[in-house]
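There are 2 protein chains.
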Amino acid sequence: MTALHTTPEAFQQHVADCGERLGEAILDNISPSKSQHNWLEQLINRTISETDFRIQALRFIDVLPSLDDDQVLAEHLQEYFSNLQLPRIAEWGLKHTDAQWVTRIAAPTVRYTLRGLARKFMGGHLLHQAMTSISRLRHQKMNFTLDLLGEATISETESKAYQLQYLEMLDKLSEPVSNWNQNDLLDLSHSSNSPRLNFSIKLSSLYSQIQSVSPQYSILAICEKLRPILRSAIKNNAFITIDMEQYDIKNIVLGCFTKIIMEDEFKSWPHIGIAIQAYLKDSYDDIEQLIKLLNNRATPVTVRLVRGAYWDYETVIAKQNNWPCPVWKEKNDTDYNYEKCLTLLLNSQHVIHTAIATHNLRSIAFAIAFTEKLNLNKDQFEFQMLYGMADTLKPALVSLGYRLRIYVPYGETLPGMAYLVRRLLENASGQSMIDSGIGNNIKPINNYTFNAPTPPIKTTKFKSIGNHSFKNMPLLRFIKQQQCDDFKNNLLKVSEHFGENYPLIINGEKIYTEDKIESYNPSKPTQLIGSVSCANHTYADAALKSAVETFSSWKNTPVKQRADYLRRVASLLIKKRMEFSAWQVFEAGKNWQEADGDVCEAIDFLNYYADQAELILKGKSIDVSGEYNHINYKPYGVSLVIPPWNFPLAILCGMLSASIVTGNTCILKPSSLTPVVASKFMQLWQEVGIPDGVINFLPGPGKIVGEYLARKTEINIITFTGSLQVGTKLLSIGSHIQPGQNHIKKVIVEMGGKNAIIIDNDADLDDAVLGVVHSAFCFQGQKCSAASRVIVLRNIYKKFVKRLIETTDSLTFGSPEKSHNLIGPVIDKIAYEKILKTIQNARLFTTMYNYENGNNPDNGYYIKPCVFVDVDPSSPLAQEEIFGPVLSVIEADDFKQAVEIANNSRYALTGGVYSRQPSHLQYARDNFDVGNLYLNRKTTGALVGRHPFGGFKMSGAGSKAGGAGYLLQFMHTYCVSENTLRRGFAPEPDN
Amino acid sequence: MTALHTTPEAFQQHVADCGERLGEAILDNISPSKSQHNWLEQLINRTISETDFRIQALRFIDVLPSLDDDQVLAEHLQEYFSNLQLPRIAEWGLKHTDAQWVTRIAAPTVRYTLRGLARKFMGGHLLHQAMTSISRLRHQKMNFTLDLLGEATISETESKAYQLQYLEMLDKLSEPVSNWNQNDLLDLSHSSNSPRLNFSIKLSSLYSQIQSVSPQYSILAICEKLRPILRSAIKNNAFITIDMEQYDIKNIVLGCFTKIIMEDEFKSWPHIGIAIQAYLKDSYDDIEQLIKLLNNRATPVTVRLVRGAYWDYETVIAKQNNWPCPVWKEKNDTDYNYEKCLTLLLNSQHVIHTAIATHNLRSIAFAIAFTEKLNLNKDQFEFQMLYGMADTLKPALVSLGYRLRIYVPYGETLPGMAYLVRRLLENASGQSMIDSGIGNNIKPINNYTFNAPTPPIKTTKFKSIGNHSFKNMPLLRFIKQQQCDDFKNNLLKVSEHFGENYPLIINGEKIYTEDKIESYNPSKPTQLIGSVSCANHTYADAALKSAVETFSSWKNTPVKQRADYLRRVASLLIKKRMEFSAWQVFEAGKNWQEADGDVCEAIDFLNYYADQAELILKGKSIDVSGEYNHINYKPYGVSLVIPPWNFPLAILCGMLSASIVTGNTCILKPSSLTPVVASKFMQLWQEVGIPDGVINFLPGPGKIVGEYLARKTEINIITFTGSLQVGTKLLSIGSHIQPGQNHIKKVIVEMGGKNAIIIDNDADLDDAVLGVVHSAFCFQGQKCSAASRVIVLRNIYKKFVKRLIETTDSLTFGSPEKSHNLIGPVIDKIAYEKILKTIQNARLFTTMYNYENGNNPDNGYYIKPCVFVDVDPSSPLAQEEIFGPVLSVIEADDFKQAVEIANNSRYALTGGVYSRQPSHLQYARDNFDVGNLYLNRKTTGALVGRHPFGGFKMSGAGSKAGGAGYLLQFMHTYCVSENTLRRGFAPEPDN
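Listed in order, the protein sequences are those of chains X and S.
Under the working numbering, think of the first position of the first sequence as 1, with each following residue one higher.
Under the working numbering, think of the first position of the second sequence as 1, with each following residue one higher.
Heads up, a few of these hints could be off.
In this list, chains with the same sequence are indistinguishable; a pair is considered to hold if it fits within one copy or across any two.
Pairs of lysine-lysine residues, derived as DSBU-like cross-links and limited to a Cα-Cα distance of at most 35 angstroms, are as follows [claimed, not checked]:
id, residue 1, residue 2
1, K896, K545
2, K703, K729
3, K378, K829
4, K729, K634
5, K634, K618
6, K560, K620
7, K329, K620
8, K575, K319
9, K120, K729
10, K471, K620
11, K555, K493
12, K545, K259
13, K620, K896
Hints in this document: simulated from the structure, not taken from any laboratory.
Model the full assembly from the supplied sequences, consistent with the hints where possible.
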């Protein structure tokens, strides 16, 4: 056999031989068809083969555990499946959803089905059931590893509970398994006994505040929770494998593992391992890094090589965010990488023990052949497979004398659903771990089964959105430490420029005034960020004159050129993205990710409006014989741009770039709270050589600059984002025709919100609580899109409120300079005092949670996110915009009432619904009156081009920012109709 | 030979034989190539074969006679041809348009070329030149008919001049031709001498106010002018043929002919004829009618059977207006009809002498064969051909012993251009008369040349505009007497309902109030058209309550249903179009065509907005992996609709239907000057069963109803069309947020205009003068789109003003009940007195023409259209909207200054330019600031869907009515973003 491996062809022949042996063993060990599973297999087969059915079935399975009420369950059943072809009996049922049928037949049948499904893939939901499952496996000569179901936790209460469960399990199971009879095949590893007790653990369950932006902080927090478990494992002679999860936390998981295994306490403990996902492009490098590290450790650890179970998720998330896809897109490439990684692992016996976790016949045959090539004993590695999957393969491997460990999830059905769906998806996907089918459905083994995968070719690119080239700027993913370090360096670099002076810019001229606007850090109000020159009436007049005089040349500048100025600023901003984010961290109190989001949005506005302007200004033709009609657009004149402080770059940039790309000149009056970010941005326009007078930069007090100019006859457009009070005043000013005024001013106002999220009885609470918390509290609730009311249906109210309060309480909180702080200060002292006053007043009447009277570091304007419960929907708390981290919870009897409560507001900006009932989602689409409605996601973070943003009622009068119609507001439409008929002849029209 | 015609096949053989004889004769008579014509043939060949070149060449030829200045000529040359491949020398020239080249080479060369072209197709531009041409023809044994060039006249001054020219020609030529030697071939017809002097005459030149809507009036006026010419023809022994022109006046021309030939004075005069166009589908029937009539006439007349020379024009005009195409679309069909008509004519020898006017070899061969079949002598018919066309065919026919008459146009080059372009077009068209080429380019005669044309199959349908099914409602063409009679009957029918009472309609309930709005006929102010109930605050409150309460059900009515209500009203309106027009004739003082235009526009608004609403409310999707984004629209609530009186149906209908089809309910306050038309329209909505409360009909005073409601918090949309004063007041009211108001009101205002038309130096004055007169004076200038300033460039100023004044003076004027009156009364006493006062004031400073101090019939509010010249562009006359038949003429130094003057206005609604210089048209597109710019056509009559209508500056704040964006103003946009990713799986997006 040793002679076999002299050439690749010889080795490939060896793999094929191993495969043949495996195939024979499968046939020898096949068990007779279990007829009681037929219905289940039918269901699963359909899930695999029919796309529409799969989507609905998986979604239904997902929601099912939350449906306690039979009638509600029947409604869901009907709504999910009424458009699909179903067996006749089921169809009959769907048409007759009377109470009788529902309670007697539908609900029990469906629940029985789900239990069947769950039982197929899970080892039970109670510990004693799991014990039975693993005992049965022992009889089948298979080892186990137990996985306590439970995905990411969302609060520290939950994380602590999860940790305790593990500790309890370790204590409880230790003794029973130690009483089992010795079985060398199962018990011996590397010639000595290894622990029978074996757990797989997901680190995301141990700490609720993991953030990729703060890896070190997260690693420290997780290790803190992990150590007691490892200590108990040592004490109870158990083996612990750290599971791998989503790519976002991969480096944190690896970081925890590499940190803890090198700690003195655990450095010589052999019974620990980690999973590595072969579908990740990073995985080979990760293994290499690990090997380097392990060379300094006395004792080997185990690596479980899996393919990876989040392929759909990783692909979708990467696409959504325009991130490079971290997983191999082709199954072949994953297969190839699996073997490459396996080769590396098996070649590193001195430091790594390998667990070959796969159901792929080729991979298994490859592993057998390769271990034979290396002359490894069968106790020097093991195979691993999932409970309920590839059940014909398992006895075959055992019969060939290989160690096999079964991954057995157990726990409650609700957290188990995510696991179940993943298993079903894998069965449906051509990409994932399985290709030997499930149950008795074995794919026939043929000549191709054992062919070697080929090296990956190259990745394909993502499609851009819509029919033009615009692509959203991807947010920083903060996966690599380098990004975090760069960001920190930018904070440092920026801080060296604190306190500098910034000028007005009028007609290209920099003017430094005596009078200054001083901008301070809200996290440290003594820290002066910068001093910005401050305009008065004289400067306002000069700016207006400049804008008026520049208009005729700027409007006649070809749109391509105007758009290119935007694109050039976008390019600069991309280069300086972290610098601009850093300024916002200091001047606006944004955390890293919020600051980065703001910069990306600004980049998006520039690129999107540049594209849109070129597109729109092509105009449209309506040709008729003898007549050529062309519809096109012309700028109004001078645009007065008054942006807010809360998106000091993005919104300013959107309003400004829309004004000028359409050919208007503009006067920009930035917020006096964030004038430094605005000044820095002005520098970019100067850098790209925007002609003098196109943008006149005029920081100053609202009354003296904004209102004064708004009244001027020469102003054509007033574009404002900010408070209701100022917005309505500008509306009124703008609509009053001044003597000598020759046009009607266009007033575009975007104002406040009192945004509500509705939590339906069947909501996915893991998602819903997190979504609400992020919508309400990120950037301290200082977004016009922020949620400030959550309306919860009666049946789920208590459960939701409990988790909401726990989750809110877990949020990290402090100076945004530190990346682990999710929540920072509010913008200034006025806001701070106003919000506190609101809280104090409301407390007199309403129960509040989580409030802490600050002992604020550096006297920063910190307000801990707080939750008011059982709020009266008509109280000021539920009616007035607070613009701070304050959330009101309101109870509703039913969904319709919830929508009514939500609509009971002067505002109509954003709204959210967490529901999995299709009819309720449709009801919300039709009746929830908001400009941006978000279903099953947070209500903030609208993306340019994808989520055109803006509201109505008192939230605004303007079309959607970042949407196709936005630019039209900055231009009037004109139609040129040319008679092309002369002397009886006319060119043929084009259409 | 007589045996030949027993079968169709035998006759066809006979035709082929005749063709062969003809072919031989052509070869026998061919003359050697005339090299001096080579360049001309090249040019013409290129015009024939290259579409782009043809368009530019014909347009250039069209404009050339107006270019006196060499530099301007060179500019045109460059602008017309710089994008085309030209001979190298010309290209060189185009690149070197320095003064030297221009004056020394380009201008003389071009003018020489044009003269060459003109000389080819015309008999000279002075009478003695024509005399030379016809003498030469006599030597070539050909007869002539002289056509005095000159198309339709636009004023009675011109018509009279034209008539005098004919009379002069008759007197002057009579003697010279009588001195010619006798030539029996030429002089004998039906065995006796016929007049040598022969004229063809276009009746449109004899009367400038021909209108198809008033055929009898036009016929009387024309005959009045024609009789002196016929008398002179009798006296001078001349033959007169009445030419046939455009289809629009065909029945008027036929009417004149049939009237005058039956008059005692002319009943026995044989030397008169008429042309009949075989390309018209009507022509066979027209001949039959003529034969019937001629059976009662003692003496035959001559019919000249032509194919018809306006094919391109007729086709384009029919397409533009959605009228059935009057001409055969296929050449074969015209050929077929030609032979069919010819057969009928030749079979009617007893009453008709036939002139076979064709260059088509098959038609000629057919005629020869058929006359042989009938055993006609060669002096019992004649052939006719055009001067300069088919020059190889002519001697062939003469050599075979046939009488041939040549149609010889003569006259000034400028009016000759239309004729020249028609000739060149014919050479390029596969459709038209010619297919034997020109000059020496004979198409080879082959087996197919003499094949018989086949019966027409069926006509194809017109394409609809754009990508939906909407088609503009065709205006009444008033070609058939029946339409005129129907209209008259409707006037009668409607008049029987004068003085009736009309109710308010609130929530479907008809309410007759004590207080009434009385509506009188502006042509006869004592005539009460109707009494309409008048609302007060109480009724306004009730209407508002009804609209608010109906909103929730109406907004939830599917858009398809809402759109179908509009479509059903459109259907009713189509049925009752003349009735609705008749009401407008009486209530608004519109003439028949203006009234019909208004009704058609209303129908268009209904159908267009119905389509648009369905289209828009499909929404738009932006799909991303794991995310489904849908952008859609929701109604605001209650729309207050305040339309004007000047388009009492169309604009009201547009504003109303846009409001409701989008899901808003509405309160309609019609103008108090046209409440009867509005009431009648409301009846249609009741008839189609529009739900109660959707439209609340609330006539009443503006202050008490309009302003009162505009202030109400429950009003969401104010949509107004009318005066600047009221519009700006509503804007201001609408933007003031009332206590408790939970939304920003949408105020859509369309206000006035002070619209200008620019007349460039190279303008086609025939078109320009008519376009200005119609834009300024139709419906008495009471359109917001009406022209009230005309800005004329210096070089053409005097010429233009003269023709403008003459044309204005020629306009028919009086009660619109009579269809021949183009101009009627202004709307009411207030308007009448205000306009008169404006005129009186302006007269003190400015020269005025055409004003007459009325002795007005029935005390109608008539104001004769008047023209002020040399107006100061900044004077009140040139700045204030008059809304009456008053036009100011302003002189400009150059085109740029003309645009400056045009833009010097508070308004920016419509504007027009008459120019044939491409760079000037482009300058106007870029710099003439108006919502609707019309190039080389009138500035009124915007069509729904084709000319989205509306202005800016103080003309309006709203998007274009009848355009794709209009409905968006009645809805707010919302975006629903659904996270479709659940548990890591998501359906694939559609895109």
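**Prompt:** Between K378 and K829, at a C-alpha cutoff of 35 angstroms, which is it: within one copy, between copies, both, or neither?
**Reply:** neither (70 angstroms within a copy, 111 angstroms between copies)
**Request:** Go through the copies and call it for K329 and K620: within, between, both or neither, with a Cα cutoff of 35 angstroms.
**Result:** Between copies only: 30 angstroms across chains, 41 angstroms inside a chain, cut-off 35 angstroms.
**Request:** Evaluate K545 and K259 at a C-alpha cut-off of 35 angstroms and name the case that applies: within, between, both or neither.
**Result:** neither (64 angstroms within a copy, 72 angstroms between copies)
**Request:** Please work out whether the CA atoms of K120 and K729 approach to 35 angstroms or closer within one copy, between two copies, in both situations, or in neither?
**Result:** neither (65 angstroms within a copy, 74 angstroms between copies)
**Request:** Could you figure out if K634 and K618 sit no more than 35 angstroms apart (CA to CA) within one copy, between two copies, both or neither?
**Result:** both (12 angstroms within a copy, 29 angstroms between copies)
**Prompt:** Using 35 angstroms as the alpha-carbon threshold, which applies to K471 and K620: within, between, both, or neither?
**Reply:** both (24 angstroms within a copy, 18 angstroms between copies)
**Asked** 35 angstroms Cα cut-off: does K703 pair with K729 within a copy, between copies, both or neither?
**Response** both (11 angstroms within a copy, 25 angstroms between copies)
**Asked** Between copies, within a copy, both or neither: which fits K560 and K620 at Cα up to 35 angstroms?
**Response** both (17 angstroms within a copy, 27 angstroms between copies)
**Prompt:** When no copy is named, should K620 and K896 be tagged within, between, both, or neither for a Cα gap of at most 35 angstroms?
**Reply:** between (43 angstroms within a copy, 26 angstroms between copies)
**Asked** Are the CA atoms of K575 and K319 at most 35 angstroms apart within a copy, between copies, both, or neither?
**Response** Close inside one copy (23 angstroms), not across copies (57 angstroms); limit 35 angstroms.
**Request:** Up to 35 angstroms between alpha-carbons, please classify K729 paired with K634: within, between, both or neither.
**Result:** Cα proximity of K729 and K634: in one copy and across copies (27 angstroms, 26 angstroms).
**Request:** Classify it for me, K555 with K493: is the Cα-Cα distance of at most 35 angstroms met within a copy, between copies, both or neither?
**Result:** Cα proximity of K555 and K493: none, with 39 angstroms in one copy and 56 angstroms across.
The structure does not agree with the numbered hints 3, 9, 11, 12 stated previously, though it agrees with the rest.
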